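*Asks:* In order, the protein sequence lines correspond to chains A and B. At position 80 of the first sequence (counting the first as 1) the number is 80 in my numbering, and the numbers step up by one without a gap. At position 59 of the second sequence (counting the first as 1) the number is 1059 in my numbering, and the numbers step up by one without a gap.
Calculated directly from the structure, the hints in this document are not laboratory data. Quick caveat, the model's predicted, so the values are computed rather than measured. Any given hint might turn out to be false.
[Said to hold, decoys possible] Stretch by stretch, here's where chain A covers chain B in the computed footprint (C-beta under 8 Å, at least three residues):
1) 1043-1054
2) 1103-1111
[Said to hold, decoys possible] Here are the simulated DSBU-like pairs of lysine-lysine, each with C-alpha atoms no more than 35 Å apart in a straight line:
3) B:Lys1057 <-> A:Lys68
4) A:Lys58 <-> B:Lys1057
5) B:Lys1057 <-> A:Lys69
6) A:Lys58 <-> A:Lys69
7) B:Lys1057 <-> B:Lys1014
8) B:Lys1071 <-> B:Lys1014
9) A:Lys68 <-> A:Lys58
10) B:Lys1057 <-> B:Lys1071
11) B:Lys1057 <-> B:Lys1011
[Said to hold, decoys possible] Only part of the chain B face toward chain A is listed, based on derived beta-carbon distances under 10 Å:
12) Val1004
13) Gln1006
14) Arg1009
15) Arg1031
16) Tyr1033
17) Tyr1035
18) Gln1037
19) Gly1040
20) Met1089
21) Leu1091
22) Cys1092
23) Ala1093
The beta carbon of each residue, even a glycine, is placed where N, CA and C say it ideally should be.
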Amino acid sequence: AQSVTQLGSHVSVSEGALVLLRCNYSSSVPPYLFWYVQYPNQGLQLLLKYTSAATLVKGINGFEAEFKKSETSFHLTKPSAHMSDAAEYFCAVSDGYGDYKLSFGAGTTVTVRA
Amino acid sequence: DTGVSQDPRHKITKRGQNVTFRCDPISEHNRLYWYRQTLGQGPEFLTYFQNEAQLEKSRLLSDRFSAERPKGSFSTLEIQRTEQGDSAMYLCASSLSSGSGNTIYFGEGSWLTVV
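Let's have the full structure, built from the sequences with the hints guiding it.
*Replies:* Okay, here's the thing in structure tokens:
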């Protein structure tokens, strides 16, 4: 079974500062890893995904994440926060071998200070 | 590609009533998923279909819940005899069952409030 742990339920950053959201996974098979963003009262939008190709993955809105097998991590970063980045972010894992359902972390809420 | 659509977006119902949600997946997607999300939590898997076959159900899906996907197109999620604990957002998602990554695309969700 796969699972993810998101470290920190809430992150506050200043506009223009680095955004770093932490995600560690547990999987008995090589994982597929995803980051989704959720704005208030909306569904989930895919930011980026790792599917065993390049370990550094670039996504939408300037976000990127690096898969580190040795650390079982898939942290999400953005060099410069924008007010529009305020949202909830979810890390998710699937096993990628035919069972594609996602297991989500509890989420990290990002607030951006002007 | 019109995305995954869900209806209704919001539903308020009295405890004990039945409710039904509909999901229309992306047209070429043969997999369809239902998730439930409560406030402050990540989505939790409920069930999924490949075409019209329901392949897996979570233990979260009590016998008051039933999901169908006739003809492998749209899906419905029915909750019978609703309880206050059923209040949540119900998310539908779809994907292909082959290809790299099999990205799962989510709808906007259907909010259920049981009073």
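*Asks:* Compare the structure with each hint and give your call.
*Replies:* Here's how the hints hold up against the structure:
no.: 1; hint: 1043-1054; in the structure: holds (count 4)
no.: 2; hint: 1103-1111; in the structure: holds (count 8)
no.: 3; hint: B:Lys1057 <-> A:Lys68; in the structure: holds, 32 Å
no.: 4; hint: A:Lys58 <-> B:Lys1057; in the structure: holds, 33 Å
no.: 5; hint: B:Lys1057 <-> A:Lys69; in the structure: holds, 30 Å
no.: 6; hint: A:Lys58 <-> A:Lys69; in the structure: holds, 18 Å
no.: 7; hint: B:Lys1057 <-> B:Lys1014; in the structure: holds, 26 Å
no.: 8; hint: B:Lys1071 <-> B:Lys1014; in the structure: holds, 31 Å
no.: 9; hint: A:Lys68 <-> A:Lys58; in the structure: holds, 15 Å
no.: 10; hint: B:Lys1057 <-> B:Lys1071; in the structure: holds, 19 Å
no.: 11; hint: B:Lys1057 <-> B:Lys1011; in the structure: holds, 24 Å
no.: 12; hint: Val1004; in the structure: holds, 8 Å
no.: 13; hint: Gln1006; in the structure: holds, 8 Å
no.: 14; hint: Arg1009; in the structure: holds, 9 Å
no.: 15; hint: Arg1031; in the structure: holds, 7 Å
no.: 16; hint: Tyr1033; in the structure: holds, 6 Å
no.: 17; hint: Tyr1035; in the structure: holds, 8 Å
no.: 18; hint: Gln1037; in the structure: holds, 9 Å
no.: 19; hint: Gly1040; in the structure: holds, 8 Å
no.: 20; hint: Met1089; in the structure: holds, 8 Å
no.: 21; hint: Leu1091; in the structure: holds, 6 Å
no.: 22; hint: Cys1092; in the structure: holds, 9 Å
no.: 23; hint: Ala1093; in the structure: holds, 8 Å
In terms of the numbered hints stated before, the structure departs from none.
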